[in-house]
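Let's have the full structure, built from the sequences with the hints guiding it.
As given, the protein sequences belong to chains A and B, one line each in that order.
Under our numbering, the first residue of the first sequence carries the number 31, and numbering increases by one thereafter.
Under our numbering, the first residue of the second sequence carries the number 31, and numbering increases by one thereafter.
Please note that the accuracy of each hint is not assured.
Unchecked claim - One side only, chain A facing chain B, incomplete, derived with CB under 10 angstroms:
| hint | residue |
| --- | --- |
| 1 | Pro130 |
| 2 | Gly158 |
| 3 | Ser188 |
| 4 | Gly193 |
| 5 | Gly196 |
| 6 | Gly198 |
| 7 | Gly211 |
| 8 | Asn212 |
| 9 | Ala219 |
| 10 | Ile234 |
| 11 | Gln235 |
| 12 | Val275 |
| 13 | Arg283 |
| 14 | Leu291 |
| 15 | Leu316 |
| 16 | Gly321 |
Think of the hints as simulated: they come from the structure by calculation, not from any bench.
We put the beta carbon where it would ideally sit given N, CA and C, even for glycine.
2 protein chains.
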Amino acid sequence: MNGKIGIVGLGTMGMPMARNLIKAGFVVTVYNRTPAKAVKMAEEGAIQAMSPRDVGATNPIIITIVSDTPDVENVILGPEGVSQRLRPDSVVVDMSTISPEATRNIARQLREKGCHMLDAPVSGGEQGAIDGTLAIMVGGDTKILDRCRPALEAVGKSIVHVGSNGMGQTVKLMNQILVAGNLNATVEALMFGKKHGVDLDTAIQAIKGGAAGSWQLSNLAPRILKRDFRPGFKVSLMQKDLNLVIQAAEAKRVPLPATSLIHQLFNSLQTASEGENGTQALAKVLERLAGLQID
Amino acid sequence: MNGKIGIVGLGTMGMPMARNLIKAGFVVTVYNRTPAKAVKMAEEGAIQAMSPRDVGATNPIIITIVSDTPDVENVILGPEGVSQRLRPDSVVVDMSTISPEATRNIARQLREKGCHMLDAPVSGGEQGAIDGTLAIMVGGDTKILDRCRPALEAVGKSIVHVGSNGMGQTVKLMNQILVAGNLNATVEALMFGKKHGVDLDTAIQAIKGGAAGSWQLSNLAPRILKRDFRPGFKVSLMQKDLNLVIQAAEAKRVPLPATSLIHQLFNSLQTASEGENGTQALAKVLERLAGLQID
Numbered sequence: 031m032n033g034k035i036g037i038v039g040l041g042t043m044g045m046p047m048a049r050n051l052i053k054a055g056f057v058v059t060v061y062n063r064t065p066a067k068a069v070k071m072a073e074e075g076a077i078q079a080m081s082p083r084d085v086g087a088t089n090p091i092i093i094t095i096v097s098d099t100p101d102v103e104n105v106i107l108g109p110e111g112v113s114q115r116l117r118p119d120s121v122v123v124d125m126s127t128i129s130p131e132a133t134r135n136i137a138r139q140l141r142e143k144g145c146h147m148l149d150a151p152v153s154g155g156e157q158g159a160i161d162g163t164l165a166i167m168v169g170g171d172t173k174i175l176d177r178c179r180p181a182l183e184a185v186g187k188s189i190v191h192v193g194s195n196g197m198g199q200t201v202k203l204m205n206q207i208l209v210a211g212n213l214n215a216t217v218e219a220l221m222f223g224k225k226h227g228v229d230l231d232t233a234i235q236a237i238k239g240g241a242a243g244s245w246q247l248s249n250l251a252p253r254i255l256k257r258d259f260r261p262g263f264k265v266s267l268m269q270k271d272l273n274l275v276i277q278a279a280e281a282k283r284v285p286l287p288a289t290s291l292i293h294q295l296f297n298s299l300q301t302a303s304e305g306e307n308g309t310q311a312l313a314k315v316l317e318r319l320a321g322l323q324i325d
Numbered sequence: 031m032n033g034k035i036g037i038v039g040l041g042t043m044g045m046p047m048a049r050n051l052i053k054a055g056f057v058v059t060v061y062n063r064t065p066a067k068a069v070k071m072a073e074e075g076a077i078q079a080m081s082p083r084d085v086g087a088t089n090p091i092i093i094t095i096v097s098d099t100p101d102v103e104n105v106i107l108g109p110e111g112v113s114q115r116l117r118p119d120s121v122v123v124d125m126s127t128i129s130p131e132a133t134r135n136i137a138r139q140l141r142e143k144g145c146h147m148l149d150a151p152v153s154g155g156e157q158g159a160i161d162g163t164l165a166i167m168v169g170g171d172t173k174i175l176d177r178c179r180p181a182l183e184a185v186g187k188s189i190v191h192v193g194s195n196g197m198g199q200t201v202k203l204m205n206q207i208l209v210a211g212n213l214n215a216t217v218e219a220l221m222f223g224k225k226h227g228v229d230l231d232t233a234i235q236a237i238k239g240g241a242a243g244s245w246q247l248s249n250l251a252p253r254i255l256k257r258d259f260r261p262g263f264k265v266s267l268m269q270k271d272l273n274l275v276i277q278a279a280e281a282k283r284v285p286l287p288a289t290s291l292i293h294q295l296f297n298s299l300q301t302a303s304e305g306e307n308g309t310q311a312l313a314k315v316l317e318r319l320a321g322l323q324i325d
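Put into C-alpha cells, the structure is as follows:
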C-alpha cells in the first residue's frame, strides 16, 4: 500500500501513468481540463478533483504532465493552480517537457511557499508510459527525489538524478537534439537508398546492429516503410521541444547547425498540416524535396 | 581445413582480417604495398606475394581491402593487378568502401574474363576486424556469395546479401549517412549540455537507453569526454566516404540537407589537420564555433 498522489493532466502520457500508479497501490487523485478523461479514471479507481488547486490541497505529491510551458505555469501557479492551497513541504513533480528557465522560476515560487519541485521529464513515448518503462531525468534536491521515488518507480524504469532544478529539462532537451538528429539521418539514409534502388528492409537489417545503429532507425524506419505515420510522438510536440532547444541554445550562444536545419524541416511539415502525425512523417519532407516516396 | 585465399591490403582492417583467416585454417597469400606488413604476416603463417597479380594467379578467392576507388581499380585492373593472371571462375571480393558506380564497372570487366566480383564493404571498425565481428553488406550473385561465405564468416559476424553488384557499396553509404548524422547529433547535444552546466557523464547514462540512443552516443561520447581522439575510424576516411555519398546523391538528385552540412563541418576538421584523428574529433569543430571545450 502506497500513499496519496495527485496527477494533473490525463493526456497520452498522463492517463497510462495514472493507471500504473493505481496499479502500484497509490490513492490517486486526478484532474484533467477535459473532464471526460477524469471521469474515466474515476471509474478505474481514481478520485476526481474539480481543479488543480483541489489536487494540491489534498496530496503531498502532485505530478503535472501537460503540454507546454504556459500550461505548466497555469496548472501550478494560476488562480486555480496546484500551488494555491498546497500544504507546506508538499512536492510538485513536473513531468512535462518545458523551458528549463521557467522551471527554475516555478521552483523558486514553490520554495517561497515552503514547498518543493522536481523537474522530471520523461522519454519513451506513449508505449513507455503504458508499459511503465519511461526513462526519467530528474532535476532538484536528491532528498526530495528519494521521497518521490516510489511514485516514479511505478511509472518509469530508469530514474536518474541529473542536477538541480531545471537540469532535468536541460537533459531532456539534449535527448531531443539526439532524437531529431538520429531521425533525420534515418530519413536521409532511406531516401538515398530508395533513389538507388536498395531493398530498404534488407538494408536496415544489415546495418542496424553496427555503428549506424540507433533507436530511431530500429523503431521508426520500419514504420516509414509501412507508411505508418501514426504518432508515437507528435510532430507538434517535437517542434515545441525543438523551439525550447533553439531558445535555450540562443540564450547561451550555443551554435547547433544541424539541429536548426532539422527544426526548419519540421516547420515544413507543420505548414503541410502534419503536426498531429508522428515524427517519422519527417520522411515526407524529404520525399517532397526529392520528388519520390521512400516506399 | 579451409582452402586457399588471397588478401591484398594489410592496413588497419586487412591485417586483423588476414589473421582471422589464418586462424580459421585458410592458406592465406598476402600482398601489401609497404612490404614490411606482408613480411610480418609471413612470420605469422601467411605466404607473401610480390604483387596483386601474383595473388590473383594462385588463389580462387581474392579479398581486396585498400583505401579508395583508384586504389581498388589499380590493385584489381592495373598492370600489376589481381585480374592480370586470374584463373577463370575466380572471385574478387572487394571489402573496401568505394564508388558503387566504379564497383559495377570493375565487376563487368571481371565478368568479361570469366570471373566474378562481390562488393562486400564492412562496418565495425578496427575492433570489429580484430574480433572478427564485422558487419558485411554484400552485393553480387548469391551463388558466388555462398562460395565465399566460409571466408566471410571468418572475419565477420553478420553477412547480409543486399542486392546485385554495387548494392553492397550503396548500403555502406547509407550506413555512413547514419554514422555521420548520429555522431553530429551526439556532438551538438554534448555542446548544448556543456554550455548549460550539465554533468555530461550522468546525462549520457540517463538518455542512452531510450529514444535518443545510438551506437555513436554510447561509444564515442565517452571518448569525447575523455578527450580521446585516437581513431577507431579516421576523419580522412569518413570524408572519403561522405564524398562518395555526395557524388552518388548528386548523380540521382537526392537532396541530403543535413549530411551535406555535416560533410562541410568535417571539411573544417581536415583544414585543421585533424584528418588522422577519429571521427569523434568532430566535437572540436563545434567547440571552435562555440568557443568552449566540451570537457
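Evaluated hints:
Satisfaction of the interface hint for Pro130(A) is found here, the shortest Cβ-Cβ separation to chain B being roughly 7 angstroms, below the 10 angstroms cut-off. A distance limit of 10 angstroms between C-beta atoms decides the matter here; for Gly158(A) the minimum to chain B is near 8 angstroms, and the interface restraint holds. Interface hint status for Ser188(A): upheld, as the beta-carbon distance to the closest one in chain B is roughly 6 angstroms, under 10 angstroms. A distance limit of 10 angstroms between C-beta atoms decides the matter here; for Gly193(A) the minimum to chain B is near 6 angstroms, and the interface restraint holds.
With its C-beta approaching chain B no nearer than about 8 angstroms, Gly196(A) sits inside the 10 angstroms limit, and its interface hint holds. Of the supplied interface hints, the one on Gly198(A) holds, with its beta-carbon coming within about 9 angstroms of a beta-carbon of chain B, less than 10 angstroms. The restraint placing Gly211(A) at the interface with chain B holds, with a minimum CB-CB distance near 2 angstroms, inside the 10 angstroms limit. With its C-beta approaching chain B no nearer than about 5 angstroms, Asn212(A) sits inside the 10 angstroms limit, and its interface hint holds.
Using the Cβ-Cβ criterion of 10 angstroms, the hint placing Ala219(A) at the interface with chain B is satisfied: the shortest such distance is roughly 4 angstroms. Look at Ile234(A): its Cβ gets to within about 9 angstroms of chain B, closer than 10 angstroms, so that hint holds up. For Gln235(A), the interface hint holds, since its Cβ comes within 10 angstroms of a Cβ in chain B; the closest pair sits about 6 angstroms apart. A distance limit of 10 angstroms between C-beta atoms decides the matter here; for Val275(A) the minimum to chain B is near 7 angstroms, and the interface restraint holds.
With 10 angstroms as the threshold, the beta carbon of Arg283(A) comes within range of chain B, its nearest partner Cβ sitting at about 7 angstroms, so the hint holds. For Leu291(A), the suggested interface contact is upheld, since its CB lies about 6 angstroms from the closest CB of chain B, less than 10 angstroms. The criterion of a C-beta within 10 angstroms of any C-beta in chain B is met by Leu316(A), whose closest approach is roughly 7 angstroms, and the hint holds. Interface restraint check for Gly321(A): the shortest CB-CB distance to chain B comes to about 8 angstroms, inside 10 angstroms, so the restraint holds.
The structure agrees with every numbered hint stated previously.
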